[in-house]
Amino acid sequence: MPTFDELTAVFRDVFDDDELVVTRETTAADVEGWDSLTHVTLMLRVEKRFGLRFKSAQVASLKSVGELADLIDQLR
Amino acid sequence: MTDHADTLLAYVRAHHPRSLAGVEEARRLDRARFDGYAELLLGWATRVLGDQAIPRTVDAFVRFSSDVNLAQGRYEADGAYEHKSYRECYEAVYADRETMDDYLWGVYLTNFLWVHHLELSAFFETRFVARLPERARLIELAPGHGGWGLVALHRRPGTQLEAFDISPSSIAIARSLAGAAGLADRARYEERDALAVEAAPGDAVICNFLVEHLEEPARLFEVIHRLLAPGGRAFVSGALTAAQVDHICELRRESELVLLAEEPGLRALETLSVHPQRTLPRARFLPRSMAMILARREHA
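Residue numbers (this note's numbering), protein chains in the order written: chain B, 12 to 87; chain P, 17 to 316.
These are calculated hints, taken from the structure and not from any lab test.
Take the hints with a grain of salt, since some may be wrong.
Straight-line alpha carbon distances no greater than 35 Å define the calculated DSBU-like cross-link-like pairs of lysine-lysine that follow [said to hold, decoys possible]:
no., chain 1, residue 1, chain 2, residue 2
1, P, K100, B, K59
2, B, K74, B, K59
3, B, K74, P, K100
4, P, K100, B, K66
Input sequences plus hints: build the corresponding full structure.
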């Protein structure tokens, strides 16, 4: 499955919204409830889904879904 | 009296929107105290860091908070803190000066930007600092950024502070803040392992969030007992089931901290355990910060 499709599935699970649509440009400002704690929850779920481990500096600096997708592809 | 608070919030809103809810939550809890700390602590930081004070400290705070939440998530998954020794923490965090400086500036604002630490700061000031004797001689172990001891000096003119920290970054930042606060003539900082401090006993001892970084936490309380003059009071805080990259002593219950204090002959007069308003989903651990006001048992 392409990275972005898998990532969308993770977002829908974390935010409990089967209709959620994310794009590369989506940021926290676009998704209700995407605060600092939810962001870490998201990162931990992404790690589990993709079999990765982020460095802490990577987690804090991510601003958009596009940046996250690129990082996943880099680490895979 | 809200310039720094308003500027801080505007910066968080513009640059760290994910962190805004948490910061606003702290301000709603106690706006007067939040704004007061913003003026005080950011005022001092501005005299040290200039125009870059708010970006520098807030960016570091956001990185630190993110690191803490990530560490807590890994703790939930693994059931144990990541590192087990001072040596591992030294290599991961302490060895690099830039990393340590960022870490300390990141922690600096948690005293009021974390809602539960705003409660802790209020407890420190109202139940400990306000009750210090006139012209008290304070000893601070592991001051880190130096903020706790400097707030005590600021609130109680006439007090003197001797502080000891193992980190050169800590000594440098604390000294610079003391100078910025106009307190350099009353605050002396020495680079030394807190467990190796030899000093005349003080009227009060302050030791915040050191115990969870130690391989032998019991030794810390032996040192505090030795450094506390008869009739004096100590303010000691620690983390319980709260992960961080350099936490190695996993304390799970408030009673463990109290028992550690009692072992060498201290007695808890007051305690306060605080926790964040929100945790990770389905968390098994509630991260807490606990503070104790201690006295020597024979003088409690």
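Hint consistency between K100/P and K59/B [alpha-carbon to alpha-carbon, up to 35 Å] = 24 Å, holds
When you check the alpha-carbon spacing of K74/B and K59/B, does it fall within 35 Å?
-> 20 Å, holds
Agreement of K100/P and K66/B with the hint, judged by alpha carbon distance not exceeding 35 Å = Measuring from Cα to Cα gives roughly 19 Å; hence the hint holds.
Is it true that the CA of K74/B sits at most 35 Å from the CA of K100/P?
-> Within the cut-off at roughly 32 Å; holds.
Taken one by one, the earlier hints all hold for this structure without exception.
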